[in-house]
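Which chain is which? The protein sequence lines are U and L, in order.
First residue of the first sequence: 1, per my numbering; consecutive thereafter.
First residue of the second sequence: 1, per my numbering; consecutive thereafter.
It should be emphasised that the hints constitute simulated quantities derived from the structure, not laboratory data.
One thing to keep in mind: the hints can contain errors.
Which copy? The list can't say, so a pair holds if one copy fits it or any two copies do.
What the hints assert, rightly or not - With a cut-off of at most 30 angstroms between alpha-carbon atoms, the simulated DSSO-like pairs for lysine-lysine come out as follows:
id, residue 1, residue 2
1, K565, K533
2, K10, K369
3, K533, K409
4, K545, K10
5, K565, K207
6, K545, K13
7, K565, K240
8, K509, K545
9, K147, K556
10, K10, K556
2 protein chains.
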Amino acid sequence: LLKVLRINAKTRKIDVEQYKDEYRLLGGRSLISQVMSDEVNPTCDPLGAENKLIFCTSLFAGTPLSAAHRLSVGGKSPLTGGIKEANSGGTTATAMARHGIKMIIVEDLPESEEWSLLKISADGTPELLPADEYVGLNTYDMVDKMKERFGDSVAVTAIGKAGERGYRNSSLQSIDHATGKPSRAAARGGMGAVMGAKKIKAVVIEKSNERYAFPYADKEKFSAASKKFAEILRNNEGMKWLHEVGTPAITEITSGMSVIPYRNFSGETNKKASAIGPGAYMEKIHSRGGKTGETCQVGCVIQCSGCYNDANGEYLTSGFEYETVALCGSNLDIDDLDVIARMDRLCDDIGLDTMETGGTLGVCMEAGKIAWGDGEAAITLLEEMNEGTEFGRLLGQGTYEAGKALGVKRIPTVKRQSLSAYDPRNLKGTGVTYATSAMGADHTSGLTLEAPIDPLAVEGQADTSKFLQPMMAIADSMMCIFNWFSAGSPETIPGLMEGAYGGEWDFDKVLGLGREAILRERAFNEAAGFTSKDDRLPEFFLNEKSPASGQVFDVKDEELDNVFKY
Amino acid sequence: LLKVLRINAKTRKIDVEQYKDEYRLLGGRSLISQVMSDEVNPTCDPLGAENKLIFCTSLFAGTPLSAAHRLSVGGKSPLTGGIKEANSGGTTATAMARHGIKMIIVEDLPESEEWSLLKISADGTPELLPADEYVGLNTYDMVDKMKERFGDSVAVTAIGKAGERGYRNSSLQSIDHATGKPSRAAARGGMGAVMGAKKIKAVVIEKSNERYAFPYADKEKFSAASKKFAEILRNNEGMKWLHEVGTPAITEITSGMSVIPYRNFSGETNKKASAIGPGAYMEKIHSRGGKTGETCQVGCVIQCSGCYNDANGEYLTSGFEYETVALCGSNLDIDDLDVIARMDRLCDDIGLDTMETGGTLGVCMEAGKIAWGDGEAAITLLEEMNEGTEFGRLLGQGTYEAGKALGVKRIPTVKRQSLSAYDPRNLKGTGVTYATSAMGADHTSGLTLEAPIDPLAVEGQADTSKFLQPMMAIADSMMCIFNWFSAGSPETIPGLMEGAYGGEWDFDKVLGLGREAILRERAFNEAAGFTSKDDRLPEFFLNEKSPASGQVFDVKDEELDNVFKY
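Could you build the full structure based on these sequences and the hints that come with them?
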């Protein structure tokens, strides 16, 4: 039977519970929203005893569907003060699914200063092991140590120094299947600090001796739908660039639209964007023995992962995504991919969100702390975050607080979370998503880049976000959203649901699961003290015209307030 | 006629308006609440163009009533994100009243980088003068420069480097009548940063050629009530210690009750409190030619101000209050009054709130950044705030953010504002006030130290705060609250209102003005996004027993939520 591990960090007691039947139509983001509303006091201190750290798998985990194994990490965010679900690829969700573990819930706070590993053995036994010897290691070293101790096939999700120190910018890093490196980040919202508060340095899962058998309602129906899904994926022209290049492919599109952030969201066009564009990226990959078209987890048809080598042909980083290129590159006016790749590696190693980090360095540059385009200076600040200097600890609090302390007025955050890599004046639907998502500024909640709407028009943007947000909420709960983009449709998803879970499904019923998740998230945030006043973009996007387009963000507050009126 | 100066910081236009008749029963805190609700967008950026900086005088300004000239400074607070009224003694409100200026409103933001003085000449002409030459001066030097330039009788309210740099901990400092030094602080909520954002370095008011005549409804009635008020004051035994010692007198009482904060609100008794108690204080004053029983403004009967000299008998500081002794002393386990006095001087000079500063240094000590009791290290951190080092700028953001960046869990703030000098577990009614006041943790909103109730009982605390808060809101709007404590009663206040403003008054009608002010403040905060979730003390006061008393703060949330149901 599908299991839930409940770990009390104070008593060190571990309960193995049965996964509740009423949770069976939930997974990933939708499951986190339910458990948070069932179990967590919305007004709790995110780093206090009442918050919980929840790991879970997506809805189709345990099935052979393409990219069905996302790891979701949930809790109350120390960055936003609201509900948070951050998810990532990598091997951990697959390892959980094979053990038949749907969810791991870590509760309370330890009374001692001792750190622990949460280890799940090949036979399924969970235990807390002493981990003081690993404190102070960053994630690359941590993964090496875990492989030395438990073998190469182990799955690891670990925090680095950022999470240990309670930075509000702190991720959980999981192992990328292709490279074996901890380059897959559940990045947003500072969930690494929640893990750090509970003094869990890593979750380590040995490969299961027995493989949990998914209890299909109708296995044949599922297989048929799954095959159909894979076939659509394979034939989707639009997705081939993801396989061939990876997410950095879109740099060309977003710079052409002046959507890529440039110099702390100045709204100017980055005229040097081609230096960090897909052509330059692929040239670096190919000339140095790097790779694209790899997979972060077993069983993905798209395979958008890559490996970026340095000038000597040595591994430098992987999971090097568009958002990082845009925020640690273009947003800082840094046009050297090697420098940006080093920043990506450092973020993964320290356990930092590359988006929040790029936003933070952007306000440092705006304050004149370091010069625009000075990549080495940017890396020096990352080193300060690593070392935990006084300034480094301030930067670790994220863009909002760094900006405030430096006296910066243009701070690109919503609910104190850094905007990802789309200027909301020139992609207004995404601005609506940024403003209104319970997660804080987050493109995965509803990116409108490919929506059939003029990105500069006012009309229809709120409706586009209104349509996309529940869809992305359920997509994110089911599988990797890149897979959903290509093949998630009325043709495939209802069949997958019927085959896996039974009952009768149509697409709107599926979207209903997304709407319900969003309403639970909103209710949590409301109980935590959020109001419509928190569903707003920073003033400067409303007052300062983008020099590239002459546009401000002019979707009306009333429209923002209607996005969740279903 | 009574005037309002409206200054546009962008266009540099100054309008002289007539004070609205519908505002005539308002002053100080109650007037700020009205103007904020009439003119300021609650969701604005506190340091942005939409916020306003409001200076006004109290309700009886312009009359000879004892201590009738408080300067109120209002706007949306960069520290709390809510409405803020901070007030102080000193000579500025008297200077305004003599010019017949009820209110000064500074709007918008300058487009250039140039700083200004707002100067009001002896003939009443207001103008903006270039002030770039004064940028970087702290308030003591600034006052010297203004006296050199405009003469010794000028009134000055200035910001120091804290306000210039936008610290969320930043005050406005006004001149103390007795010493001529800028030791009178409108301290709380970072209003200095609002002034800094508008690039006003100081408000400078020359002594009026003509004295504005208060338009009494019944001058004889007012004079009779005012004399009665002064007589009660003079004969009030309880207030004599304020004249003789000043506010540091209560150190003995609060340490006896284990109410004085010790080591970052540990809840322990400060066993060394006598070293900073009134005996030690008076010994330092008397042996070095210091003074007590002085006045911060002309026409106060109580005269609680003093002057603290250093070991060489040279002036060191003035306006050296209990809150400073408690938060920069006891809370840091510093028991050397000379060191605490140096901290007080530095705070006044840089333009920092001594309470917020003491709270901030408390979390630094809790984090192990400097040692408990290490006064020289504390002063070094104040110097960092003065110099604007990276760490100094973080500390300038106040206790909440410094605590977060340093990974401290016990952060003594409400609505992100530091608690003043009373442990809410051992003075629970004040805990109710801290939790619920729209101002953030603030004792002047309703201190229960002398309330006839067991400070450790649960029952009755919310009712005590419920009774006190409207009373303090109107007291603070009328005069210095120390005067009100002694003589503000049904016997005196209705007569003062009838004499000054006409109509028929009883005490409850007066309290009604306080209730209305509070409801306007609450409505502003609600529109700014505050909910009942913001009306709570930090978790640690609810979970950690005070070792001195065994008490936690156990007033129920429902009771907190009823405090403003009139």
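Now for the hints, and whether the structure bears them out:
1. Proximity of K565 to K533 under the C-alpha cut-off of 30 angstroms is found in both arrangements, the shortest distances being 16 angstroms within a copy and 24 angstroms between copies.
2. Taking the closest pair of Cα atoms, K10 and K369 come within 30 angstroms of each other only across two copies (27 angstroms); inside a single copy the shortest separation is 42 angstroms, beyond that limit.
3. In the homo-oligomer, the alpha carbons of K533 and K409 lie at most 30 angstroms apart both inside one protomer (19 angstroms) and across protomers (27 angstroms), since each shortest distance falls under that limit.
4. With identical chains, the CA atoms of K545 and K10 are at most 30 angstroms apart between copies only, with a shortest distance of 19 angstroms across copies and 52 angstroms within one.
5. In the homo-oligomer, the alpha carbons of K565 and K207 never lie at most 30 angstroms apart, since the shortest distance is 45 angstroms inside one protomer and 60 angstroms across protomers.
6. In this homomeric assembly, K545 and K13 come within 30 angstroms of each other (Cα to Cα) only across copies, at 26 angstroms, whereas the closest approach inside a single copy is 56 angstroms.
7. In this assembly of identical chains, the alpha carbons of K565 and K240 never lie at most 30 angstroms apart, being 36 angstroms within a copy and 62 angstroms across copies at closest.
8. Taking the closest pair of Cα atoms, K509 and K545 never come within 30 angstroms of each other, the shortest separation being 41 angstroms inside a single copy and 51 angstroms across copies.
9. Neither within a single protomer nor between protomers do K147 and K556 lie at most 30 angstroms apart by alpha-carbon distance, with minima of 53 angstroms and 51 angstroms respectively.
10. For the homomeric pair K10 and K556, the shortest alpha-carbon distance between copies (26 angstroms) is at most 30 angstroms, but the shortest distance inside one copy (48 angstroms) is not.
Of the numbered hints stated above, those contradicted by the structure are hints 5, 7, 8 and 9, listed in ascending order.
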